[in-house]
Each structure stands twice: as structure tokens, then as C-alpha cells.
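Each chain is listed here by its residues.
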Amino acid sequence: MSNLELGAVLFALMMALIILRMPIAISMFVCGALGFGMIAGWRPLIGLMAEVPYSRVANHELTVIPLFVLMGQLASQGGISQGLYRSARAWVGHFRGGIAMATIGGCAMFGAICGSSVATGATMASIALPEMRRYGYSGALSTSALAAGGTLGILIPPSIILVIYAILSEQSLVNLFVAAIIPGIIATIGYGIAVWIYVRISPLAGPAAERERWRARFASLKSVWPVAVIFMSVIGGIYVGIFTPTEGAAVGAAATAALSVTAGGMRLRGLAAAVLETAKITGMIFLILIGAEFYSSFLALSQLPQELSQWITGQGWSPIIILIVIIVIYLFLGCVMDGLAMILVTVPVFLPLILQLDFGMSSEAVAVWFGILVLIAVEVGLITPPIGINVYVINSMAEGVPITETFKGIVPFFLSDLVRIAIIIFVPATTTWLAGLK
Amino acid sequence: MDPEKDAEGPAQRRALDVGQRDAGYGLSAAVERITRWLAIVGGGLLLVAIVLTLVSVIGRYGFSQPLPGDYEIVEIVCAIGVFLFFPYTHATNSNITAEFFTSGLSERSKRFLDVIHDIVFALVAALLTWRVGSGLAGKYLNGETSVLIGIPLWWAYCFAVLSMALLTIVCLWRITMGIEALRR
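Heads up: the protein sequence lines correspond to chains A and B, in order. When we follow our numbering, the leftmost residue of the first sequence carries the number 1, and every step to the right adds one. When we follow our numbering, the leftmost residue of the second sequence carries the number 1, and every step to the right adds one.
Hints were generated in silico from the structure; no laboratory data involved. Glycine included, C-beta positions come from ideal geometry on N, C-alpha and C. Each hint can be trusted.
Take a look, some chain A residues computed to stay more than 12 Å from chain B by CB distance:
no.	residue
1	W214
2	V224
3	T404
Some chain A residues judged to face chain B by a derived CB distance under 7 Å, without partners named:
no.	residue
4	I18
5	I19
6	R21
7	A50
8	P53
9	V57
10	A58
11	H60
12	T63
13	E247
14	A279
15	M284
16	V336
17	M337
One chain only, chain A, in its complex shape (with noise of 0.2 Å):
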């Protein structure tokens, strides 16, 4: 067998295993090892184990990512959420259908100090489903309201998905964070706009709340200025320089911590709480870089992903379509399979072809761009059927919605999704500009 058909055998048998839900990073572990072990010799692989665990949970780039989750579930277990809400409700509830309109604000800002998309949707849910259900929104505006909102949370910079792609596509993860500032900030009024028309094809889903008063508008951004200070220093620190991204995110977390203790009351049992959700999604986490570095070694062996991309290549496709082709392979991954897997397993087959087409950019810009495209299906996935986990996590929290009402009510979100994606493929400047690549 050559190398080639043994990466390809290994990648069916990867694929199987996870269908019958084996640990994904078992499946990546098994398949990668083996692979490696028949291409370059037990010994070596027998060596590579004794170095790869440690050398991977030791590693400067991927410190952030505990702190980056600490200061998620922080601000969860805060109460910051609740401030963000009020004001954002202050400012825009009045319009018809500007309760959901204030969710999908609070989320963004929420979003601004948590890089986890559930966390951002049920931490935002346990305040605004009530405050919805009380001026008579719809379950099916109120639920998919907050679990698109929700996905803001990976989008908007920091972004646990967004470190890992730094990792896996060799790029500097400042110029991935920046880059996502813009498209966060088109998802935030492409949701807001998806909103508007909600309420107009169906005007008694989402009524008018009474007016505030100037006076309490500007009064109820005093709750909402520490969150933006600390994006600001956070990601503005490590975008001139101030700090290492590893500090800025030591940086944030403290702040975050801070402000959860004095405006939001926490006290220890919820910074227990914080520390253990903590410890479950950053050892889920790590487990799998730990796999998927055996299954990369191996795939970087069997030259599969350089002979895919040299044979997409040599078909004379345009580079846009190819482009295309693999985003809705993205998006219909992303309806079955965890977004974290699936960068894992197929940013480091699809990115090597992706760059060996002429896009009329630098490579580095390149990687960036779809790194954001990439970023923007695993949104998608969160929101769409069958294993949404944003829209089961929120339904689950809102009594007598059924699920399929909250699907229904998704539709206006995904369409508002698929439009951002096409600005961002046909209008890279997006995402390149404010990181300054070209």
C-alpha cells in the first residue's frame, strides 16, 4: 500500500470511529499513530509518545487558552450579563422587535470578554428569556434570537476556535483576532437586520416595549463601560504591542474577576464553579491537540493533503469556486460534527490547497481570510439542525418552546449568516484591512 492510500484508508477509519462516537480525540489518537508508526517505524512513533503529551500542554501559544476559558466562565458566573442587557434594552427595546434586537447586542459585547459561544447564549438566556417572555415575545423569536446571538461569543474576538486555527495554519493569532473585529461587528447588524424583518413578516412576535428616558440610556452605560474597557485593553493591548496575547489574556481574566466580584457579586462558590466548568472544557480541549498532533505528524507524512491540492490545482478550477465548494463542505460538516473537530481534522487537508491558489493576495493573508471564513461555518453549525447545541442549550432553558419552533425561528439568522459569508468571500478587505495584510 502507498503512503498515499494508507492516509486515505486511515482517514476512512478516523471518520468511522467517530461516526460510532469514540472520543474524537481517541479517534485522531488511533488513526494518527497507527499511520505514523507504519510510514516512519514504531521506534520513531515509540519516541515521538514519550515527547508529544507534554510538548503540546507546554506550550507558550496555547497558554492563552486556558485564561481565554477562566475569564469566559468568569464573566459567566459574574452577573456582568445583566447590566449589558438592561443597557442595550435601554437604548433600542422601544423599536418592535427591539427586546430580541437588545439580545443580540447584549451577546456581542458579551461576547467581547467570552470566546465560547454556549457560554455567551446560556449565560445571556438566564436574563433575556424572562424580560422576552414578559413583553410577550414569541418563543420562536425570544430562543433563536439568543442561540444565534449566542454565536457571537467565538466570532467576536477573543475566540478559543480562532487560537487554535492560529496554531494548527502557523499564523499570528493578534492578526486573527483583529481580523474578526469587522465581521463581528457585520454579524452583529446582519442579526439585528434579521430581527427588523422577523417582526415585520410577523409583527406580534416581538412588540414595542415603552420608551426610556435620554437620562436612563446614558445612565445604564455605567454597566457597560468596564466590559469595554477590558476589550479594549485586551485586544487593543496585544494589537500595538503592549502585551504577549498570554498576557492579555492573564490580563483579562483578572479583570474579569474583578469586576464579577465587585458589580456582580460573585463569591467563592462561584468562582469554584467558574474553575471546574474550566477544567472540563480546556481538558476536553488540550486531550484533543494531544490526538490531533499524532494525526497531523501522520497526514504530513502520507503527503495526502499536498497530492489533493496538486490535483484540485492541476483541474484549471477558478480558485473562487474552489473556494466556495469547500465553505459549503464546511457548512454541512459543521451540521454533524463539532466545530473544533472539524478544524482539527480538515483545516490541515483543505488549508495547504487553499494557499497554493492565486487569490491576488500574500499568503499570510490568505490564511487569514479563510481562517474567518472557516470560523464563520463553525458558527453556522452551532445554529443549524441536527445538532445545533446553541439552539438545544437555549431551548432546554425556555419552558414549553418545542424545539422545532426555535429551528423555525433560526431561518431569518442562518439566511443573515450565509449573506456575511458571501460579503467575506467577495470582499476579503474585510477581514484583511484592520489586521493590515494585503
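Add chain B to chain A, keeping to what the hints say.
Okay, now just chain B, sitting in the frame of chain A:
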């Protein structure tokens, strides 16, 4: 589904659950308690890393006196923290699986698959315990240290070995629980 409910569910109910599994009482209680405490210690190490980083940043800008080797200390402290998380992650069943494809199977078939996966997982974890252990022996013998401030690497490797060994035990515990449930 609700992470908070999971993290601090009523102590009473948990005590009852554990009490009913009389065969595995001692082991289950021990696994749950030890993995949770290690996770908390790991979280404490993250907090230590955060404080060290802050001290270093303040030192650098306030007194032009950064903490020497802050990079390395933070990297190693965080790594140890993450290693302490692994057993807890698996003990709370938080590793990602693609559940969609098998969602149509009966509970029994799913449990059966999970037992098989845990057997594979146990073998992998045991293999890695052995290999990282030999890595530890290597680092101890050649005296390798971190580049800037000379922290002996074998020291950090100890936690990696501990983590993999506990992960193996957690897998074995899950296998016995799974088989017990299949027998019923």
C-alpha cells in the same frame, strides 16, 4: 445540558446516587472526589499564573523590571494545571464525541459502544503513561532544564505521568460502571 446544574447539583441527590451503586461505592466516591480536587488545584495554578503575569507586566512597565523567565514559569504552571484537568474532564464525561450519528441507537447499544471506547481509551492512556514515564526518566537522567531560568523539566513531567495514570484509572472505573449497567 445545563452546565451549572451539573457543577453544583444538589448534594443530597448525588449522595443518594452514589449510595445506590453499592458495589462501586468506595471507588466511585474516591474517583469523583480526587478528580474534582485535582481540577480545583489546577484552577488554582491558573490563578497563580495570572498573578505572576500581572506582576511581570506591572514590573516591566512600572519599574522596568520584568520578572525573569516569566514566560517559562507561566508556561510550566499552566501546563501542570491542564494536566490536572484531564482526569476530571473524562470523569465528568466531558470529552467531545459526535453523538448525532448514533442518536437512533438504543441506550443499551450506546452504552456498549461506550464501554468499548473506554477500553481503547484505557489502553491509550496506559500506553501514554508508560511513554511519558520513560520521557520523565530521560529528562531526569540528562538533567534537561528550561532555557532561561533552569527549572528542571523532569519535575513538570511528573505531573504529566500522574495525569495519564489517573486518566487510565478513570477509564477503568468507567468500564466497570458501564459493564455493571449492561448487566442489569
